[in-house]
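Engineer: Starting from the two chains in their separate frames, assemble the complex, guided by the hints.
First to last, the protein sequences are chains A and B. First residue of the first sequence: 52, per this note's numbering; consecutive thereafter. First residue of the second sequence: 5, per this note's numbering; consecutive thereafter.
The reader is advised that the hints may include incorrect statements.
Once the Cα atoms are required to be at most 16 Å apart in a straight line, the calculated EDC-like pairs of lysine to aspartate or glutamate come out as [to be verified]:
no.: 1; chain 1: B; residue 1: Lys98; chain 2: A; residue 2: Glu228
no.: 2; chain 1: A; residue 1: Lys397; chain 2: A; residue 2: Glu253
no.: 3; chain 1: B; residue 1: Lys98; chain 2: B; residue 2: Glu44
no.: 4; chain 1: B; residue 1: Lys33; chain 2: A; residue 2: Glu228
no.: 5; chain 1: B; residue 1: Lys24; chain 2: A; residue 2: Glu228
Think of the hints as simulated: they come from the structure by calculation, not from any bench.
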Amino acid sequence: MTEPVLPPIGMLAELTHRCPLQCAYCSNPVELLKANREMETSGWVSLFEQAADLGVLQVHLSGGEPTLRSDLPELIASLARRGVYTNLITAGVGIADGRIEAFADAGLDHIQLSFQGARPATTEKIGNSRGAHEKKLETARRVRNVGLPLTINAPIHRHNMEEVPEFIELALSLGAERLEIANVQYAGWALLNRNALMPEREAVERQVEIVEAAQERLRGVMTIDFVTPDYFAIYPKPCMGGWARDAFMVAPDGTVLPCHAAGTIKSLHFERFGDWSLARIWHESSAFNAFRGTDWMLEPCRSCERQEIDWGGCRCQAMAIAGDAAATDPACIKSPLHARMGALIKEAVNTKMADESSNAFTYRRIGRSVELDPTSA
Amino acid sequence: MTQETRVRAIVSMQSQPVLKRHVRLQYDKVREAWALLSPERVFWPNEVSLDILRLCDGRHSVAQIIALLGDLYGADEAEIGEDVTSFLQEWSDKFLVTL
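With the rest of the complex left out, here is chain B (with noise of 0.2 Å):
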């Protein structure tokens, strides 16, 4: 048996979070709501939550993902930066999101 070598992934400012192959973000048209679909659970993210996922596209790293954000709610990048780290662990830790 191949053992992999499994650790948990810390994040970080050069991180290229991205969604996991088995999540899904979509448009619920029925409810009205940007869904985020996962193997046993179906969560609705808020405004805040849905602008981070939108970024975690693999390509923009959190230190770019927290500039983008504090543009965008002309917001210190200071002020936000613990809260995009603390949530893109808490997703990363939950297998949403690759870190």
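The shape of chain A in the complex, shown without the other chains (with noise of 0.2 Å):
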């Protein structure tokens, strides 16, 4: 049966590949955009406008570093206009004196603001930028004084995953109302460094508890969110709600895609906003009716009972691992690849390619040729 197409609620904008920090799990494509080929101020406001005419009521402003946009004002405000809430996603590094204020001014309903580490250290390491704690803590409290509501993003993974408790505690600390601990998910630059970063699974046994226990112990006082991590998994996730269901993303140069690794995906064909409208691209656009509902399901998928519950969970992760993006999610028990995640686990933490050095990374770069096949052994 095929269900009616309903309108798009959420939108994550890719801005800019353009970052201060080299995260090796940035979700960001291994082939990053450079700042020429970024769509201008008025592309991006026709964007808005059409996808708040589509019925977008709320848009992620991300990158990349999106603050790195000096038009970013100008974006919030004609979101603002139109009623769509807007919600910056930052790593808070280097943001210049007075720019908070003025994206609060222009309507920003609301603050991310990362952190690679609970300890200064780790974050230097994990993004590859020095002093960078410090400078996200600023921005913290930036964002506190002009009054705007803060989260606090955890990615965490095998480098940071003791620091659990600590990012708890700064979160309280900085007065975020919402604290996000992200298991880190394998596509981008986290695929290609995936021995780099998988955690043993004991480490992700005990996270799990802790996070468990706080979120009980701090009920009304800070909500704490938790992405399970795919691989230590029974279930897969509805990734995106289920593509193209309810929300897409757009890269730099206004390519609009299901979600942010579906360009890993090489046989589908996306097309850029301009050359299409939005509202078409949502309804007609192949790549978005390639894996929309349920029809394009094979078994296990097609007479599972949680068909509509995971959507037969990621794409992206299905190609990177079972080298089918119509296959059943292997994050999914159902899945006969299933025992390949296991193995995947096995495999990062007996390479562990030698731990502690950061060396063991291939950070992300614009630019950078991408050497590593994340698929061998």
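Structural biologist: Now the structure itself:
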């Protein structure tokens, strides 16, 4: 049965791939775009207008580092005018004086600030950026001073998982309403660095317990959202809430994709905003329609009672591990390839490539050629 | 670092709930429904929830809200009181309402 296509609710706008940090798990594609490929102000404003017309209610302004766009207040204002909820996702490093105030004046609703570590040395090592931690602390204070609500985002992996209790204390001390502890998703740069990032099972189980206890203890004090690690899961996540179901993302050059890693599915073709209208892309793009709904599903998804709970999981993970974007996400226990997830954890832990040395990372850089094959043992 | 004292707010009859600054209740013309926008989620309140949220303006006390809703629905205040207070406690815990 083919259901009608409903309007999208959320949009992730990756305004730029430029970033002062070089995190080895960045969700951007490994082929990063230079500044000269970025869509200009009028293009973004026009896209935001069409998004509001189409029914988008929330826009996450991200990157790269979105505050590197000098036109950011103007972009925020164009969304605020239309009543669209704006969330700025920032690394909080090198934001000039007065700019956070300018974002607030433009109508920004919320800021999400990332911390790579709860300790300065960890933040510096993961982001490969000296002094980053202190700059982030300062950004958090400035955010609170202008009265904007704050979420602290902590991506976790083998190198900072033991800092989870400290992340919780840090977020509390900074006055955050919300802390998001997110196990790294192995797509983009994280897939490239999987062996260097993958935690051990015991560490994952320990931090799950810590987070659950903190959620209970801090009820009504601070919200803690937890993004579970796929490789240790029984069922997959409903990635993006279902492919092309209620959200999409836009790359710096205006290419519109169902999710931020969709470019790794080489059989798909993506349209650029400007060549097509946003409404046409949402309804007619072959990439959006490829895995929409449930008609595309193969077994075991096809006859699974969970098909409209997790929507087959992540198409990009199916591509990366099963070699077939239409396969069941191997994170699912019903996937014939589920055991491969466990094997990849073991492989990562066994190789441990000079664990404590930051040389083990391929740091994110624009124009860096990719030499490692993430699928090789 | 200044350490704020952070404790869970507990609803009382004297609380004067108000929507948090980062939460917005607005009519969505595309879907012809009221939406509550928050940092990561959009909520679609039902009619009763909407009536409660509209009274979360920082001026009405919980006792007044219960009385007004009792009139509106022709219901006994004692009957709806618990539903209203548990709704407000839950929404306070979710950081959508300040008590």
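Engineer: The structure should be examined with respect to each hint, and the outcome stated for every one.
Structural biologist: Now for the hints, and whether the structure bears them out:
Annotation: proposed proximity of B/Lys98 to A/Glu228 holds, straight-line Cα distance about 10 Å (limit 16 Å). For the given pair, A/Lys397 sits about 12 Å from A/Glu253 by alpha-carbon distance, which is consistent with the 16 Å threshold. Only pairs whose Cα atoms come within 16 Å are accepted, and B/Lys98 paired with B/Glu44 is accepted, the gap being roughly 12 Å. Pair hint B/Lys33 plus A/Glu228 does not hold up; C-alpha atoms about 30 Å apart against a cutoff of 16 Å.
For the proposed pair B/Lys24 and A/Glu228, the alpha carbon gap of about 11 Å is at most 16 Å, so the pair holds.
Checked against the numbered hints listed earlier, the structure breaks hint 4 alone; every other hint is satisfied.
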